[in-house]
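Student: Residues per chain, in single letters:
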Amino acid sequence: AQSVAQPEDQVNVAEGNPLTVKCTYSVSGNPYLFWYVQYPNRGLQFLLKYITGDNLVKGSYGFEAEFNKSQTSFHLKKPSALVSDSALYFCAVRDNLSGGGADGLTFGKGTHLIIQP
Amino acid sequence: DTGVSQDPRHKITKRGQNVTFRCDPISEHNRLYWYRQTLGQGPEFLTYFQNEAQLEKSRLLSDRFSAERPKGSFSTLEIQRTEQGDSAMYLCASSSWTGVGYTFGSGTRLTVV
Chain A
1 AQSVAQPEDQ VNVAEGNPLT VKCTYSVSGN PYLFWYVQYP NRGLQFLLKY ITGDNLVKGS
61 YGFEAEFNKS QTSFHLKKPS ALVSDSALYF CAVRDNLSGG GADGLTFGKG THLIIQP
Chain B
118 DTGVSQDPRH KITKRGQNVT FRCDPISEHN RLYWYRQTLG QGPEFLTYFQ NEAQLEKSRL
178 LSDRFSAERP KGSFSTLEIQ RTEQGDSAMY LCASSSWTGV GYTFGSGTRL TVV
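Chains as they are written, first to last, in the working numbering: chain A, 1 to 117; chain B, 118 to 230.
Bound-form chain A, shown alone (with noise of 0.2 angstroms):
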């Protein structure tokens, strides 16, 4: 079974500061991570992916992550957050064995980012 968590309800940042959410996994193969953005009665925004390769993944919006696997984490992070950064943010992690409900992403619960001006 894979899982994800992210510990924080909420995380608030002042603009021009560099903001961290965390995310931390559990599967049973090698993880597929996926970072996805949600503002009100809207769907999912997709921001960055780590399959394989680099563990540093830049994505939309000058958002990063870093794939740990050691600490199996994959923390969203950036430099400089913006007032209109302020949204819903979900992690997300499938296994990269098929089959079995291993193609469907599990979700985290989200964290509410909030970026102060």
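The hints are simulated quantities; they were obtained by calculation from the structure and are not laboratory data.
As the structure is a computational prediction, the values presented were derived from the model and not from experiment.
Take the hints with a grain of salt, since some may be wrong.
[As the list claims (entries may be wrong)] A few chain B residues that don't get close to chain A, going by computed Cβ distances all over 12 angstroms:
{"no.": "1", "residue": "Gly133"}
{"no.": "2", "residue": "Val136"}
{"no.": "3", "residue": "Arg139"}
{"no.": "4", "residue": "Glu161"}
{"no.": "5", "residue": "Thr164"}
{"no.": "6", "residue": "Pro187"}
{"no.": "7", "residue": "Glu195"}
{"no.": "8", "residue": "Glu200"}
{"no.": "9", "residue": "Gln201"}
{"no.": "10", "residue": "Asp203"}
{"no.": "11", "residue": "Val230"}
[Stated by the list, open to error] 25 angstroms max Cα-Cα, derived DMTMM-like pairs, lysine to aspartate or glutamate:
{"no.": "12", "chain 1": "A", "residue 1": "Lys69", "chain 2": "A", "residue 2": "Asp9"}
{"no.": "13", "chain 1": "A", "residue 1": "Lys109", "chain 2": "A", "residue 2": "Asp85"}
{"no.": "14", "chain 1": "A", "residue 1": "Lys22", "chain 2": "B", "residue 2": "Glu161"}
{"no.": "15", "chain 1": "A", "residue 1": "Lys109", "chain 2": "B", "residue 2": "Glu161"}
{"no.": "16", "chain 1": "A", "residue 1": "Lys49", "chain 2": "B", "residue 2": "Asp141"}
{"no.": "17", "chain 1": "B", "residue 1": "Lys174", "chain 2": "B", "residue 2": "Glu145"}
{"no.": "18", "chain 1": "A", "residue 1": "Lys49", "chain 2": "B", "residue 2": "Glu173"}
{"no.": "19", "chain 1": "A", "residue 1": "Lys109", "chain 2": "B", "residue 2": "Glu173"}
[As the list claims (entries may be wrong)] Label pairs and their calculated CB-CB ranges:
{"no.": "20", "chain 1": "B", "residue 1": "Ser122", "chain 2": "A", "residue 2": "Pro79", "range": "33 to 39 angstroms"}
{"no.": "21", "chain 1": "B", "residue 1": "Ser144", "chain 2": "A", "residue 2": "Glu66", "range": "32 to 38 angstroms"}
{"no.": "22", "chain 1": "B", "residue 1": "Gly189", "chain 2": "A", "residue 2": "Asn68", "range": "35 to 41 angstroms"}
Every residue, glycine too, gets a C-beta built ideally from N, C-alpha and C.
Fit chain B to the given chain A structure using the hints.
Tutor: Below, chain B without anything else, positioned relative to chain A:
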């Protein structure tokens, strides 16, 4: 191609009624997924199709739920005898055969009164 389309955007129905939602995936994507998202939770996987074949169903997909993708293009999700607990956002996503690049639609918000 404008991405994944879902219709309707909002649906309010009385308890006990049947509802059907439609999803049009990105045309070149052969995988299609349905998820359900309740307030304060992340999306939960319901089912997925590869072309017209329904390959996986979650335990969340009770007997009152049925999904189809008859020609391997659009998909429908029907809920029979709706209950208040079915109130949620129903999200559709599509991906290529590799299953590693999902695109989500904007969702259908169902309210059962």
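Student: Hints first: check each against the structure and report whether it holds.
Tutor: Verification of the hints:
At the 12 angstroms boundary, the C-beta of glycine 133/B stays outside the reach of chain A, the nearest C-beta of that chain being 26 angstroms off. Every CB of chain A lies more than 12 angstroms from the CB of valine 136/B, the least distance being 19 angstroms, so the non-interface label holds. Distance check for arginine 139/B against chain A: the nearest CB is about 15 angstroms away, which clears 12 angstroms, and the non-interface claim stands. Residue placement check: glutamate 161/B does not keep its beta carbon more than 12 angstroms from all beta carbons of chain A (closest about 7 angstroms).
Listed as a non-interface residue, threonine 164/B fails to keep its Cβ farther than 12 angstroms from every Cβ of chain A; the least gap is roughly 8 angstroms. In this structure proline 187/B is separated from chain A by more than 12 angstroms, as the shortest Cβ-Cβ distance comes to about 21 angstroms. With a least CB separation of 20 angstroms from chain A, glutamate 195/B remains clear of the 12 angstroms interface cut-off, as annotated. The Cβ of glutamate 200/B lies farther than 12 angstroms from every Cβ of chain A, with a closest approach of about 23 angstroms, so its non-interface assignment holds.
The claim that glutamine 201/B is not at the interface with chain A holds, since no C-beta of that chain comes within 12 angstroms of its own (minimum 20 angstroms). Against chain A, the non-interface label of aspartate 203/B holds: every CB pair exceeds 12 angstroms, the least being about 18 angstroms. For valine 230/B, the shortest C-beta to C-beta distance to chain A comes to about 18 angstroms, beyond the 12 angstroms cut-off, and the non-interface label holds. Restraint check: the Cα-Cα separation between lysine 69/A and aspartate 9/A comes to about 23 angstroms, which is no more than 25 angstroms; the hinted pair holds.
Restraint check for lysine 109/A and aspartate 85/A: the C-alpha separation of about 18 angstroms stays at or below 25 angstroms, so the hint holds. For the suggested pair lysine 22/A and glutamate 161/B, the alpha carbons sit about 20 angstroms apart, so the restraint of at most 25 angstroms is met. Of the pairs offered as hints, the one joining lysine 109/A and glutamate 161/B holds, with about 10 angstroms between alpha carbons and a cut-off of 25 angstroms not exceeded. For the hint pairing lysine 49/A with aspartate 141/B, the CA-to-CA distance comes to about 24 angstroms; that is within 25 angstroms, so the pair holds.
In summary, the hint linking lysine 174/B to glutamate 145/B is supported, as the alpha carbons are separated by about 23 angstroms, within the 25 angstroms threshold. Pair hint lysine 49/A plus glutamate 173/B holds up; C-alpha atoms about 23 angstroms apart against a cutoff of 25 angstroms. Only pairs whose Cα atoms come within 25 angstroms are accepted, and lysine 109/A paired with glutamate 173/B is accepted, the gap being roughly 22 angstroms. For the pair serine 122/B and proline 79/A, the beta carbons lie near 35 angstroms from each other, so the given range of 33 to 39 angstroms is met.
Separated by about 35 angstroms at the C-beta atoms, serine 144/B and glutamate 66/A satisfy the suggested range of 32 to 38 angstroms. Glycine 189/B and asparagine 68/A have their C-beta atoms about 39 angstroms apart, which keeps the hinted 35 to 41 angstroms range intact.
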